[in-house]
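Heads up: the protein sequence lines correspond to chains W and B, in order.
Using the numbering used here, you'd call the opening residue of the first sequence number 46 and step up by one each time.
Using the numbering used here, you'd call the opening residue of the second sequence number 4 and step up by one each time.
Derived by calculation from the structure, the hints in this document are not laboratory data.
Hints should not be assumed to be uniformly reliable.
To be verified - Stretches of chain B that chain W covers, calculated by requiring three or more beta carbons in the stretch to come under 8 Å of a beta carbon on chain W:
(1) 262 to 271
(2) 316 to 330
As the list claims (entries may be wrong) - Derived pair list, reagent style DSS-like, types lysine-lysine, alpha-carbon separation capped at 30 Å:
(3) B:Lys7 with B:Lys96
(4) W:Lys68 with B:Lys238
(5) B:Lys108 with B:Lys96
(6) B:Lys340 with W:Lys76
(7) B:Lys345 with B:Lys136
(8) B:Lys132 with B:Lys85
(9) W:Lys76 with B:Lys108
(10) B:Lys116 with W:Lys76
(11) W:Lys68 with B:Lys261
(12) W:Lys68 with B:Lys136
(13) B:Lys238 with B:Lys289
Note that CB positions come from ideal geometry on N, CA and C, so glycine has one too.
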Amino acid sequence: MSEIMPDDMIVCRCEEITVGEIKQSIREGAKDITGVKRRVRAGMGLCQGRTCEKLVQQILCSELNICPEQTGRSTARPPVRPVTFGELAEGGVV
Amino acid sequence: MIEKDVVIVGAGPAGLAAGIEASKAGANVLIIDLNIKPGGQLFKQIHKFFGSSAHRSGTRGMDIGMLLLREAEENGVEIWLKSTVIGLFPGNKVAVEKGLENEAKEVVTILAKKIIVATGASENVVRFKGWTKPGVMGAGAAQTMINVNHVKPGEKVVMLGSGNVGLIVSYQLMQAGCDVVALVEAAPKIGGYAVHAAKIRRAGVPIYMKHTIIEAIGDETDCVKEVVIAEVDDKFQPISGTEKVIEADCVAIAAGLKPTVELTRLLNCEFTFNGVFGGFIPLHNKNMETSVEGVYVAGDATGVEEANTALEEGRIAGIAAAQSLSLIADKEAEEKKDAIWKRLEMLRLGPFGERRLSAKEVVLAEYLNKVGMPQAEIKLKG
C-alpha cells in the first residue's frame, strides 16, 4: 500500500491534509475518524468529509489493523451544506 | 412558519415516488431538491433498464424520469428546486436554503408532520498520486457531463472499475465521442454484467484486469496528461516493473457509492454498518420508518441499490407516511405495501440482487432487535 500511497499524497482536499499527517495523528493516538479530524482537521472543510471520510477510514484500517465499522463516523452538525452567514441571519431558523 | 403534511428531501426516483403516493392519498406534499431539475440520476440513464416487465425493463431511465415527473405534477406535488435542506431540528422542523428566481437564496423553516429522507448517495474516491488533479472525477460525474450537460469530460479517458457503472459509462463516453483508452480493474474478473463488458470489448477498449492506477501526471497547468497503471498481486499491491504509461486527459473512477446520511445522523437515528449497502446506513422497518417516529428513508440513502428499488422504497415510505396521517385506511395501505415488498423481492434476484435481499433482511431484523417501535421524540445529537 505504501508504494501507491506516499506520505505527501493529499487525502482531505478541503483542508489539504496529507497521508503523512493522518498517519502522524494516528501515531499520536487517534483511533477513529473523529480522532483524526480533531487532530489534523481532515473532514472539517467545506465538504465536511463527504469525499475523504472513506480514505481516512482506509488509512485507519491499515494502520491500526481494524475493520471499517470500528473507525466510527464523524458527527453531523447543521448546516449540513455550506450556507452564508447573511442568509442565516436573515432567515428565521428555529 | 410554512406547514406541510409531508416534506421529502430529494427529487430522485425515491423522493418522487414517495411524493406521488403520499399526494395521491391526499397529503400536502413538498419535495426539496438542490439541483436545477428534478429526477435525480434518472435523466442521465440514457440506457434501457434490465429486469422484469413489471419494472419497465427495456425502458430508458430518462423516460421513467419523465413518467414520474408527469405523475407528480398530475397529483399536485410541489417541488422546490435549487433548494437545499441544511438541517432537521427537534419538532420536525426542516431548515431550507430556498432558491429564489433571481438566483438569490433565503433560509426558511418548514414544519413537517412527516419527513422522508431520499438524499441518494455520493461516489467513492480512490486515492492514487495525483487524484486531486483536474481531469480526475467520478464516473457518475462524467456521465452527468455527457448525458445531461452535453460536455465531454476529456478526449481520452481512463476508466477505473469494471462494475456496471464503469462499463455502462465507458460505452456512453464512446457514444459521446470520447476515446476510452483503458478500462482498469484491480480484481481478476469483471465486476458488472458480461453483456456490458462484451460491448466494451467489441468496441476495442483495452481492458487491464488485475491492474490499478499508480499515478495521474499533470501537464504545465496541472491537468491530467498521462496515467500510470501497473499490475497488482493477489493482495492488490502493485508489482514493480509492470508500470505502463497511458496518454489520457481524464480519469473516471467507478468505485461504488456511499449513502448520503448527514440528515438522518443529525436526528440521531439508529445506524448500522452494512458493506453490501455501501457503509453506515440508518436502520428502518417495513414502513421505511427510521428509529425516530415520523422520519422515513428511501432509496440509496438507506443502502446503495438501483433506481427501481429506490422507486419502490419511495412508494412504501409515501404510503406509510400517509397511513400514519390517517389518510389511507390501514387495510388498503397494508395491501399496497405488501404488494410492493413482493415486487422488491423480484428486483432483488440474481447474483447481484440476492446479496441485497439478504442484506435488507439483516437491516430489518436489526431494527426489530434494536428499536422495536420508533421513538416519538427527535433528539438532537449533543
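Hints, one by one, checked against the model:
1. 262 to 271: Satisfied; 6 residues make the cut.
2. 316 to 330: With 0 residues close enough to chain W, the hint is violated.
3. B:Lys7 with B:Lys96: Holds, because 10 Å separates the two Cα atoms, which is no more than 30 Å.
4. W:Lys68 with B:Lys238: Between Lys68 (chain W) and Lys238 (chain B) the Cα gap is close to 21 Å, so the pair holds against 30 Å.
5. B:Lys108 with B:Lys96: OK: Lys108 (chain B) and Lys96 (chain B) at ~19 Å, within 30 Å.
6. B:Lys340 with W:Lys76: 43 Å, violated
7. B:Lys345 with B:Lys136: Not OK: Lys345 (chain B) and Lys136 (chain B) at ~46 Å, beyond 30 Å, violated.
8. B:Lys132 with B:Lys85: The given pair, whose Cα atoms are some 35 Å apart, is violated under the 30 Å limit.
9. W:Lys76 with B:Lys108: 40 Å, violated
10. B:Lys116 with W:Lys76: Measuring from Cα to Cα gives roughly 40 Å; hence the hint is violated.
11. W:Lys68 with B:Lys261: 24 Å, holds
12. W:Lys68 with B:Lys136: 22 Å, holds
13. B:Lys238 with B:Lys289: 40 Å, violated
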